[in-house]
Amino acid sequence: MDFTVVAKNIDFLILQGLLGFGNFVGGTFRLAIPAIVLGFILGIFIGLARLARTPWIRIPAMVYVEFFRGVPLVMVIFWFWFIIPLLLRVPLPEYGVALTAFVVFEAAYLGEIVRAGIQSVARGQAEAAMSTGLTPAQTMGYVILPQALRNMIPALVTQFIVLFKDTSLASIIGYVDLTKAAEIVNNREIRPFELYLFIAVVYWLCTYSMSRYARYLERRLTPG
Amino acid sequence: MTYQFDWSVLWTGQSGEWLLQGILTTLGISTLAWLLAAALGTVSGALRTVPFAPLRALATCYVEFFRNVPLLVWMFFWYFAVPPLLPGPLQDWLFNHGAEFWAGMFALGVYHGARFSEMIRSGIQSIPKTQFEAALSTGLTTAQTYRFVIIPIALRLIIPPIANESLNLLKNSSVALTISVTELTFQTRQIETYTARAFEALTAGTVIYLALCLGIATLMTKIERRFALPGMIGRVASAEH
Amino acid sequence: MKKMLTLLVAIALGAVTPAMAETTLEKIARTGVLTIGARTGSPPFAFVDAQNQWVGFSIDLVEQLILPTLSKKVGKPVKLEKKESTPPTRIPLLASNAVDLIAETMTDTRSRRDSVDFSLTFFVTGAQFLVKKGSPIKGIKSIAGRRVAAQQGSTNARIIREQAPKAQLREFPDQPAAFQALAQGQVDTYTNDGIQLAGLKAKAPNPRGWEIVGDFYSYEPYGMALRKGDADFRGVVNNGLMEGIDSGKFFDIYEKWFGPKGELPYPMSPDIKKFMIYQAVPK
Chain F
1 MDFTVVAKNI
11 DFLILQGLLG
21 FGNFVGGTFR
31 LAIPAIVLGF
41 ILGIFIGLAR
51 LARTPWIRIP
61 AMVYVEFFRG
71 VPLVMVIFWF
81 WFIIPLLLRV
91 PLPEYGVALT
101 AFVVFEAAYL
111 GEIVRAGIQS
121 VARGQAEAAM
131 STGLTPAQTM
141 GYVILPQALR
151 NMIPALVTQF
161 IVLFKDTSLA
171 SIIGYVDLTK
181 AAEIVNNREI
191 RPFELYLFIA
201 VVYWLCTYSM
211 SRYARYLERR
221 LTPG
Chain H
1001 MTYQFDWSVL
1011 WTGQSGEWLL
1021 QGILTTLGIS
1031 TLAWLLAAAL
1041 GTVSGALRTV
1051 PFAPLRALAT
1061 CYVEFFRNVP
1071 LLVWMFFWYF
1081 AVPPLLPGPL
1091 QDWLFNHGAE
1101 FWAGMFALGV
1111 YHGARFSEMI
1121 RSGIQSIPKT
1131 QFEAALSTGL
1141 TTAQTYRFVI
1151 IPIALRLIIP
1161 PIANESLNLL
1171 KNSSVALTIS
1181 VTELTFQTRQ
1191 IETYTARAFE
1201 ALTAGTVIYL
1211 ALCLGIATLM
1221 TKIERRFALP
1231 GMIGRVASAE
1241 H
Chain E
2001 MKKMLTLLVA
2011 IALGAVTPAM
2021 AETTLEKIAR
2031 TGVLTIGART
2041 GSPPFAFVDA
2051 QNQWVGFSID
2061 LVEQLILPTL
2071 SKKVGKPVKL
2081 EKKESTPPTR
2091 IPLLASNAVD
2101 LIAETMTDTR
2111 SRRDSVDFSL
2121 TFFVTGAQFL
2131 VKKGSPIKGI
2141 KSIAGRRVAA
2151 QQGSTNARII
2161 REQAPKAQLR
2171 EFPDQPAAFQ
2181 ALAQGQVDTY
2191 TNDGIQLAGL
2201 KAKAPNPRGW
2211 EIVGDFYSYE
2221 PYGMALRKGD
2231 ADFRGVVNNG
2241 LMEGIDSGKF
2251 FDIYEKWFGP
2261 KGELPYPMSP
2271 DIKKFMIYQA
2281 VPK
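Listed in order, the protein sequences are those of chains F, H and E.
Residue numbers 1 to 224, in the working numbering, belong to the letters of the first sequence in order.
Residue numbers 1001 to 1241, in the working numbering, belong to the letters of the second sequence in order.
Residue numbers 2001 to 2283, in the working numbering, belong to the letters of the third sequence in order.
Bound-form chain F, shown alone (with noise of 0.2 Å):
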């Protein structure tokens, strides 16, 4: 075991890699947040849809999430990879790709977190508030959501946390993230366990430091 390897190559697996500053287009964190971002904010619109009472609303979004959570995430990549180009008249960079298909994938298992989360607030507390006067709007935004917010937290972070690791499978499509840089990284160096064990750490160190966030933040959130 040779640990040089890594130390010889950090910047390049640090700063390309798991960031994405350097020649290629690459990044597990530019990659990973704004994919968290945008496909919660996705998700609560799916989540809600579920629960809408017109069909017409509803049933697109139960297809929707059955569809993609019946396929497996590289084929979702893949067709993205290979339709956006014929729908758009430019080739889009494997970022856009990745972003696309991440946002669009993720979005239906976060959508069902949500749905799980306001299912879980007693369907009392939405005809008290409304009774006070608010409108179903504002119940929704000013009772339902924040404590449905608090209810799924755990499931949701168990989420992102998939997410995160999932954006190792960009490397597949050839975008430069942490997986991808170690691979090329390797194609000169042939010292796989190290680089493979370095960002093993890597990415155990960001998701666990998630998990323990998340767990803090259950406490704090907890009421009494």
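Read the hints as simulated data drawn from the structure, not as lab findings.
Being a predicted model, the structure only gives us computed values, none of them experimental.
Some clues are possibly wrong.
The following label-pair restraints were derived from C-beta to C-beta distances [claimed, not checked]:
{"no.": "1", "chain 1": "H", "residue 1": "Ser1126", "chain 2": "F", "residue 2": "Lys8", "range": "45 to 51 Å"}
{"no.": "2", "chain 1": "H", "residue 1": "Ser1008", "chain 2": "E", "residue 2": "Arg2158", "range": "56 to 62 Å"}
{"no.": "3", "chain 1": "H", "residue 1": "Ser1008", "chain 2": "E", "residue 2": "Gln2163", "range": "26 to 32 Å"}
With a cut-off of at most 16 Å between alpha-carbon atoms, the simulated EDC-like pairs for lysine to aspartate or glutamate come out as follows [to be verified]:
{"no.": "4", "chain 1": "F", "residue 1": "Lys8", "chain 2": "F", "residue 2": "Glu194"}
{"no.": "5", "chain 1": "E", "residue 1": "Lys2201", "chain 2": "F", "residue 2": "Glu189"}
{"no.": "6", "chain 1": "F", "residue 1": "Lys8", "chain 2": "E", "residue 2": "Asp2114"}
{"no.": "7", "chain 1": "E", "residue 1": "Lys2073", "chain 2": "E", "residue 2": "Glu2243"}
{"no.": "8", "chain 1": "F", "residue 1": "Lys8", "chain 2": "F", "residue 2": "Glu189"}
{"no.": "9", "chain 1": "E", "residue 1": "Lys2132", "chain 2": "E", "residue 2": "Glu2211"}
{"no.": "10", "chain 1": "E", "residue 1": "Lys2203", "chain 2": "F", "residue 2": "Glu189"}
{"no.": "11", "chain 1": "E", "residue 1": "Lys2072", "chain 2": "E", "residue 2": "Glu2026"}
{"no.": "12", "chain 1": "E", "residue 1": "Lys2228", "chain 2": "E", "residue 2": "Asp2049"}
Note that CB positions come from ideal geometry on N, CA and C, so glycine has one too.
Given chain F, put chains H and E in place with the hints provided.
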């Protein structure tokens, strides 16, 4: 030059055979990995709730380490880093008998075992402590309490999330294509490269995955109903991915 | 589910027509960008070097010979963009407009010509086997029952399947994984085009521990692939290459990568040199 669809590529030549082989490999690797994951998940999930601290710590380490690192990295790990540590004859045997399949199976099984474990733990912990005490007070030992009371109840509570997670396992088996396991996604791409028909091949793969997932989901719902304890179903959040 | 798929396909179909109506040259004239597909792990054709720069023989040919001709043709400077392509992905990438030209180590074959067009041949090699020194494998005749790694979607994999059905073929999405498997003994040999094996061997931590064995069991002329039926773009690519051969610049670039001081010393045989010169038709 418009894209001309030619669906016949899916059944002419070797494509049909490839797809069938892909389905079988996907199902095979997923089933074995599922069994491994279920065993690891049950044991470590139960261990995480026992009073004896070292066992709890061991199980926690396993779970926290394995589920927090991407599956793709684990694939490479089990395929490239583990075999050199094995004794020579075993290595040889393994390499002659589809090492990539076994490595992929272990990667999937151990990774999802850690994720199963979390669900099983929260299932067990959602059982009121009084149940445990009540069982002990009837004269059962701790082991017996787990075996006859806690685990049977917990298993039923966790069926919905486990069902979801099992589908994830099936879908995640596609990542094994990176270590040359000839599963469904691999074969889909094989057709793609041999026929240059990306749309047809991807559509075939997607439809097959959907069919498999919907089929299994239906089966799981049936099992869930069959073993349901009155008033206890769906108490654990099932939306986890 | 079915509706969703139909919809998806309909969207794709609807969008294909206008996108495809534009020729590659028109697209390049509009965007000012030529997007090529290249490898990241196939030294010295296309790879990421120790300074983490994406370089190689195929990339230089595009940059120094084709880009100037192309810029002249469309009347404005054209920028080069590179994307990673691998054997399983390169034809879909081309077909879907994600890249305009595949410039790596792709063999021109008759069956591939059903789906893509090729430029002139810019390199000639043949498939061989890379083994650990002292291996009993001596060529395609001695691989029955052996574990043979190949790249998924390569011409070599297809030939092994047909000519040595008793070999245990393992196909990897990319070269490094295949070489890794060989280095650790998961497979007994890795088969690829001789020149690529030589590149791998030269880059390996212990070059002397490896041997390239066997006669060429295939003929692998490398060409640059482009979308089928795009004669104008193909003309520009070929003109660029021919002008390079005429002016000698092509051979200078060859020297840079394969000369005695190059990345991988591999002198051009007189036959091949003649073949290259004959490919450049008169003005």
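- Pair hint Lys8(F) and Asp2114(E), alpha-carbon separation not exceeding 16 Å: Roughly 46 Å separates the two Cα atoms, so the pair is violated.
- Query: Is the straight-line distance between the alpha-carbon of Lys2073(E) and that of Glu2243(E) 16 Å or less?
  - Reply: holds, 14 Å
- CA of Lys8(F) to CA of Glu194(F), is that 16 Å or under? At roughly 12 Å apart (the allowed maximum being 16 Å), Glu194(F) and Lys8(F) satisfy the hint.
- Message: Just to be sure I understand the hint, the distance between the Cβ atoms of Ser1008(H) and Gln2163(E) should be within 26 to 32 Å; is that true here?
- Response: Cβ of Ser1008(H) to Cβ of Gln2163(E): about 27 Å, so the range 26 to 32 Å holds.
- Item | Range agreement (Cβ of Lys8(F) with Cβ of Ser1126(H), hint 45 to 51 Å) | holds, 49 Å
- Message: What's the verdict on Lys2228(E) and Asp2049(E), does the C-alpha distance respect the 16 Å limit or exceed it?
- Response: Roughly 32 Å between the alpha carbons, so the hint for Lys2228(E) and Asp2049(E) is violated.
- Restraint status (C-alpha distance of Lys2132(E) to Glu2211(E) at most 16 Å): holds, 6 Å
- Item | 16 Å Cα cutoff - pair Lys8(F), Glu189(F) | holds, 11 Å
- Does Lys2072(E) pair with Glu2026(E) here, judged by a C-alpha cut-off of 16 Å? holds, 13 Å
- When you check the alpha-carbon spacing of Lys2203(E) and Glu189(F), does it fall within 16 Å? Since the Cα atoms of Lys2203(E) and Glu189(F) sit roughly 8 Å apart, the hinted pair holds (cutoff 16 Å).
- Task: Could you see if the CB distance from Ser1008(H) to Arg2158(E) stays within 56 to 62 Å?
- Result: violated, 20 Å
- Query: Taken at face value, is the distance from the CA of Glu189(F) to the CA of Lys2201(E) at most 16 Å?
  - Reply: holds, 12 Å
In the structure shown, a violation is registered for the earlier hints numbered 2, 6, 12, in ascending order.
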